[in-house]
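In order, the protein sequences belong to chains Z and L.
Per our numbering, the first sequence starts with residue 22, numbered consecutively.
Per our numbering, the second sequence starts with residue 22, numbered consecutively.
Calculated directly from the structure, the hints in this document are not laboratory data.
Don't take every hint at face value.
For identical chains, the list gives no copy identity; a pair is met inside one copy or between any two copies.
In silico lysine-lysine, DSS-like type, Cα no more than 30 Å apart, as pairs [as the list claims (entries may be wrong)]:
{"#": "1", "residue 1": "K117", "residue 2": "K162"}
{"#": "2", "residue 1": "K35", "residue 2": "K117"}
{"#": "3", "residue 1": "K90", "residue 2": "K162"}
{"#": "4", "residue 1": "K90", "residue 2": "K152"}
{"#": "5", "residue 1": "K90", "residue 2": "K36"}
{"#": "6", "residue 1": "K90", "residue 2": "K71"}
{"#": "7", "residue 1": "K162", "residue 2": "K35"}
{"#": "8", "residue 1": "K173", "residue 2": "K35"}
{"#": "9", "residue 1": "K36", "residue 2": "K152"}
{"#": "10", "residue 1": "K36", "residue 2": "K173"}
{"#": "11", "residue 1": "K117", "residue 2": "K36"}
{"#": "12", "residue 1": "K173", "residue 2": "K71"}
Number of protein chains: 2
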Amino acid sequence: MDRLGMEVAYANAKKSYDEGGVPIGAALVYHGGDGEPRVVGEGHNARVQKNSPILHGETAALENAGRLKPDVYRNSTMYTTLSPCSMCAGAILLYKIPRVVIGENVNFVGEEELLRSRGVEVVVLNDEECKALMAQYIREKPEDWYEDIGEKIRKD
Amino acid sequence: MDRLGMEVAYANAKKSYDEGGVPIGAALVYHGGDGEPRVVGEGHNARVQKNSPILHGETAALENAGRLKPDVYRNSTMYTTLSPCSMCAGAILLYKIPRVVIGENVNFVGEEELLRSRGVEVVVLNDEECKALMAQYIREKPEDWYEDIGEKIRKD
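Given the sequences, and given the hints that come with them, work out the whole structure.
Quick look at the structure:
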């Protein structure tokens with residue numbers, strides 16, 4: 022059941038990579054109502070493309086979705102190719118999104134414990150494509166990546 | 022020393038109110054280097070004006086500042102007219118902004134304890150103008166306000 026959401030998230034991450042940007046993508050999938058799960062928002066990190074420090078994968082997907090009623094968020098899952106940072110975890114908590122599916126948490130471990138401690142279901146897929154794309158990017162453009170997580174570049 | 026930052030934050034909140042938007046404003050003030058404190062970013066909630074669920078006061082100020090080096094954030098203070106929600110608190114943690122000055126936390130209490138638990142200095146000014154503007158807005162447009170914090174509108 023998580024295939025659709027992660028495919029859309031990964032497609033957004035790949036698009037960002039192809040544009041020279043940070044390759045992290047996300048999708049917000051609504052599974053309320055009677056119908057099939059439906060992507061209501063998708064996006065990717067736009068630090069490079071839009072000079073933005075707040076458009077990460079998850080926040081970009083929320084922005085793409087626009088203004089939603091509280092009940093939509095509460096019946097949705099956030100799919101993201103990489104473990105969510107504190108800002109994106111905070112956005113998930115703000116809107117009470119009950120479930121987060123993470124492509125991988127090898128290249129970066131975000132606020133998974135905080136999410137779990139607040140009752141959010143966190144699933145880590147350990148996806149090989151997500152891991153490989155992110156690892157390649159960090160090798161190629163470490164400056165942009167460390168800037169994205171507010172860290173000074175490591176010299177080791 | 023906190024006058025400049027809160028004046029800019031409040032001016033942004035008032036601007037948003039005058040535009041029909043959620044009246045929460047913020048300013049990021051850099052106090053590193055040898056010079057005077059300097060506003061490097063400012064903004065206001067843009068849920069109404071830009072149909073945005075992620076442009077809160079603090080995130081709008083960060084977006085306005087654009088891409089900054091890690092050291093700039095680490096020598097800055099975030100001023101916000103209202104106690105920061107989990108998304109904005111998460112953004113403050115992401116960029117390791119060491120100090121947050123809050124206009125008021127009467128109309129909404131955000132993630133002050135989370136920030137303090139991670140070592141952020143949190144100052145609450147209990148500012149009468151900030152309180153009055155926000156209270157007026159919540160009375161006038163409760164639907165937009167509760168949507169902004171992911172809550173269903175209260176009928177009490």
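Against the structure, the hints:
no.: 1; hint: K117 - K162; result: between (34 Å within a copy, 22 Å between copies)
no.: 2; hint: K35 - K117; result: both (28 Å within a copy, 28 Å between copies)
no.: 3; hint: K90 - K162; result: between (38 Å within a copy, 15 Å between copies)
no.: 4; hint: K90 - K152; result: between (33 Å within a copy, 26 Å between copies)
no.: 5; hint: K90 - K36; result: both (29 Å within a copy, 25 Å between copies)
no.: 6; hint: K90 - K71; result: both (27 Å within a copy, 16 Å between copies)
no.: 7; hint: K162 - K35; result: within (15 Å within a copy, 41 Å between copies)
no.: 8; hint: K173 - K35; result: within (25 Å within a copy, 36 Å between copies)
no.: 9; hint: K36 - K152; result: within (16 Å within a copy, 44 Å between copies)
no.: 10; hint: K36 - K173; result: within (26 Å within a copy, 35 Å between copies)
no.: 11; hint: K117 - K36; result: both (28 Å within a copy, 29 Å between copies)
no.: 12; hint: K173 - K71; result: within (21 Å within a copy, 33 Å between copies)
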